[in-house]
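**Student:** The residues making up each chain are set out below.
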Amino acid sequence: MTVMTTAPDKRDNAPILSVRDLKVHFPIPGKGLFAKDRPLKAVDGVDFDLYPGETLGVVGESGCGKSTLGRAILQLIAPSGGQVAWLGKNIVGIPHRDMQPLRRDLQIIFQDPLASLNPRMTIGEIIAEPLVTHKPELGKDEIKTRVKRMMARVGLLPQMINRYPHEFSGGQCQRIGIARAMILEPKLIVCDEPVSALDVSIQAQIVNLLQELQREFDLSLIFISHDLSIVRHICHRIMVLYLGNVMELADRDSIYANPKHPYTKALISAVPIPDPEIERNKERIVLTGDLPSPLSPPSGCVFRTRCPFAQEKCATDVPTIDRVSETQEVACHFHNSI
Amino acid sequence: MMNKSEKTALLQSASAAKEIEGRSLWRDARIRLFRNKAAVGSMIILGIITLLAIIAPLLSPYAYDQIDWGYIQEGPNWENGHIFGTDGNGRDLFIRVLYGARVSLAVGLLATAVSLIIGVTYGAIAGYFGGKIDSIMMRFVDVLYSLPFMFFVIMLMVVFGRNIFLIFVALGAVEWLTMARIVRGQTLSLRRREFIEAAHATGVSNFKIIFRHVIPNVLGPVIVYMTLTIPQVILTESFLSFLGLGVQEPLTSWGVLISEGAKVIEASTWMLIYPAVFLALTLFCFNFIGDGLRDALDPKDR
Ligand SMILES: Nc1ncnc2c1ncn2[C@@H]1O[C@H](COP(=O)(O)OP(=O)(O)O)[C@@H](O)[C@H]1O
Ligand code: SF4
Ligand SMILES: [Mg+2]
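So the protein sequences, as listed, match chains A and B.
Start counting the first sequence at 0; every next residue gets the next number (numbering that gives the first Met the number 0).
Start counting the second sequence at 0; every next residue gets the next number (numbering that gives the first Met the number 0).
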């Protein structure tokens, strides 16, 4: 895959989205009759900014809180703490009727393309739903025209408007999901592993479609994935999550050329490089053991139970996020020495 | 992904091409249902019984409450027009069986409709909102479940007198409990599906999500349960009639006729046989249709 586009110049712009110390703790019923609920810390203090027209990749192993983070940003899951500022205004805990008009700018695309479409509705009804909800004044004909236009735009034949989801392939279903997300011309789309369930041959088409739409509509994307080669292809900046904590946040080139955090290094060294010579000689950090339970995360640095460089300090002190360059931040006590 | 010429071609075909009709899951289910011989046969038989019940007055020279003094409790006889015979009051059994069909089918359909509307709405709301709302709503259902229903109905009848309307209400009020449980279970599993989340993300109201996304997707099991509820209600009504709590004379239902027939089973078998055959046939038909619907709506290969 080719490496594309430079990141939009963010100094000129205010962030479209600012996330500060965002936390999502799910209460898990304790064992025993009178045991208290225990918090499952799915997202535990995440900070980042997102700029107009930018794609932020969110990577990490399964279960590290990526989906929960995406949903908490969209207020589909109520955050337990922290702030999400959309266009400068906090949206955590605001009343339903204040959130409602903002939803037209905030959309989501899911991993399982078929499950994200109501099997009893036609494609036309599915794609039209956001329009019907937010702009009912447009009237039937205009809505239909717009739906058809959007279908053509995402690569679907508009005369398929009366067909049902089960009559389409996975890739086509994902295009339908994208059309639904795009119909209101939103400003931000959270893409939760949008290509993980698709054939490799179709993944690139969908990723390219997202990139085209991004350029055309100046969209911001939060692109959740565990596939680092796709993330490298599409994202301007990348955030590495582990047990609901940010390990590293940097622009794409820095993170692939010069990962600072041991966890990032491990993830990147696990991606095969096409050149066998380099592949054989590259530095490799192999992750051992399993992801600890987010119900009882390790003290100090959450990564220490699997970190080959862990030392005493890692068990006692929580690492702060250090800015190592203009474009790179990392949460590790020893990022300078390893 | 697409070059320019492909894209223009797409756009052109957009304006030119005719829209293709989709194959909805409902249509697929209908096709599968009509391939099921037992279900189709049952639908035909039920259709005939219903039709007969509707046009009943045209079919017999006798009225359902007309006493033919010449033929009291006489067996079937084609010559005098009492093709099913007469009852102990000299009334034509054929027309009475068809009038009984009216009452039995109406009770079955109406009580089921009542249970359907209450049960589906209630179950969908409980399952969709979950948490405390769900707990409270379902505890209420549990409490109603544990009430001795028959005792309840008998009390009502004693207090308010025998009243066909009361039978509808009482039966519907009990049948919706199971319906609510079924719908609630289905809704709970639907709630986490991505298409519901997508609707949330877009800002569709809870009310519209329930009616547009939840209910159409739980309708399959609901319809199956409904076809199995109708015969159950008919049977319950017959049972109430058998206890003497059914519809009031001279109106009748299959249950009333069967109970009268059972009393004279040795002397006048026909008085038991004809209503019993109609009742049994109807119950079988509904069950076959229910089975057919279950297979049609929930195929393994979906
Ligand atoms: N509704 C929920 N209730 C309780 N725990 C949850 C819920 N949703 C997610 N979790 C837990 O939160 C953690 C993060 O999940 P998720 O965000 O889905 O991870 P990812 O998308 O990175 O695979 C997991 O341990 C998961 O079990
Ligand atoms: S803080 Fe310690 S345990 Fe955590 S990543 Fe750095 S070296 Fe490893
Ligand atoms: Mg996920």
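Don't read these hints as lab results, they were simulated from the structure.
Any given hint could turn out to be false.
Unchecked claim - Chain B is faced by these chain A residues, among others (derived, beta-carbon under 7 Å):
| # | residue |
| --- | --- |
| 1 | Tyr50 |
| 2 | Gln82 |
| 3 | Leu113 |
| 4 | Asn117 |
| 5 | Lys143 |
| 6 | Arg145 |
| 7 | Ile160 |
| 8 | Phe167 |
| 9 | Ser168 |
As the list claims (entries may be wrong) - Result set (DSBU-like, lysine-lysine): computed pairs, CA atoms no more than 35 Å apart in a straight line:
| # | chain 1 | residue 1 | chain 2 | residue 2 |
| --- | --- | --- | --- | --- |
| 10 | B | Lys207 | A | Lys88 |
| 11 | B | Lys131 | A | Lys143 |
| 12 | A | Lys281 | A | Lys30 |
| 13 | B | Lys262 | A | Lys134 |
| 14 | A | Lys186 | B | Lys262 |
| 15 | A | Lys88 | A | Lys134 |
| 16 | A | Lys186 | A | Lys88 |
| 17 | A | Lys22 | A | Lys312 |
| 18 | A | Lys139 | B | Lys17 |
| 19 | A | Lys186 | B | Lys36 |
| 20 | B | Lys36 | A | Lys134 |
| 21 | A | Lys312 | A | Lys281 |
Unchecked claim - Reference listing, derived: stretches of chain B covered by chain A, where coverage requires no fewer than 3 residues with Cβ under 8 Å from a Cβ of chain A:
| # | region |
| --- | --- |
| 22 | 42-51 |
| 23 | 186-196 |
| 24 | 260-270 |
Heads up, the beta-carbon is just placed ideally off N, CA and C, and yes, glycines get one too.
**Student:** All the hints need checking, so say for each whether the structure fits it.
**Tutor:** Checked hints:
1. Tyr50: At 22 Å from the nearest chain B Cβ, A/Tyr50 fails the 7 Å test, so the hint is violated.
2. Gln82: 20 Å, violated
3. Leu113: Violated, because the Cβ-Cβ distance from A/Leu113 to chain B comes to roughly 9 Å (cut-off 7 Å).
4. Asn117: Because about 5 Å separates A/Asn117 from the closest Cβ in chain B, which is inside the 7 Å limit, the hint holds.
5. Lys143: 10 Å, violated
6. Arg145: Hint on A/Arg145: violated, closest Cβ of chain B at ~12 Å, above 7 Å.
7. Ile160: Interface hint status for A/Ile160: holds (6 Å vs cutoff 7 Å).
8. Phe167: 10 Å, violated
9. Ser168: Where the cut-off is 7 Å and the nearest Cβ of chain B is about 15 Å from A/Ser168, the hint is violated.
10. B/Lys207 - A/Lys88: Status holds; Cα separation ~28 Å.
11. B/Lys131 - A/Lys143: 40 Å, violated
12. A/Lys281 - A/Lys30: Cα-Cα ~47 Å, so violated.
13. B/Lys262 - A/Lys134: 69 Å, violated
14. A/Lys186 - B/Lys262: 78 Å, violated
15. A/Lys88 - A/Lys134: 24 Å, holds
16. A/Lys186 - A/Lys88: 15 Å, holds
17. A/Lys22 - A/Lys312: Given pair A/Lys22, A/Lys312 holds - Cα atoms ~25 Å apart, limit 35 Å.
18. A/Lys139 - B/Lys17: Given pair A/Lys139, B/Lys17 holds - Cα atoms ~18 Å apart, limit 35 Å.
19. A/Lys186 - B/Lys36: Violated - the C-alpha atoms of B/Lys36 and A/Lys186 are around 55 Å apart, more than 35 Å.
20. B/Lys36 - A/Lys134: The hint is violated at about 48 Å.
21. A/Lys312 - A/Lys281: 29 Å, holds
22. 42-51: violated (count 0)
23. 186-196: It holds, with 4 qualifying residues against the three required.
24. 260-270: violated (count 0)
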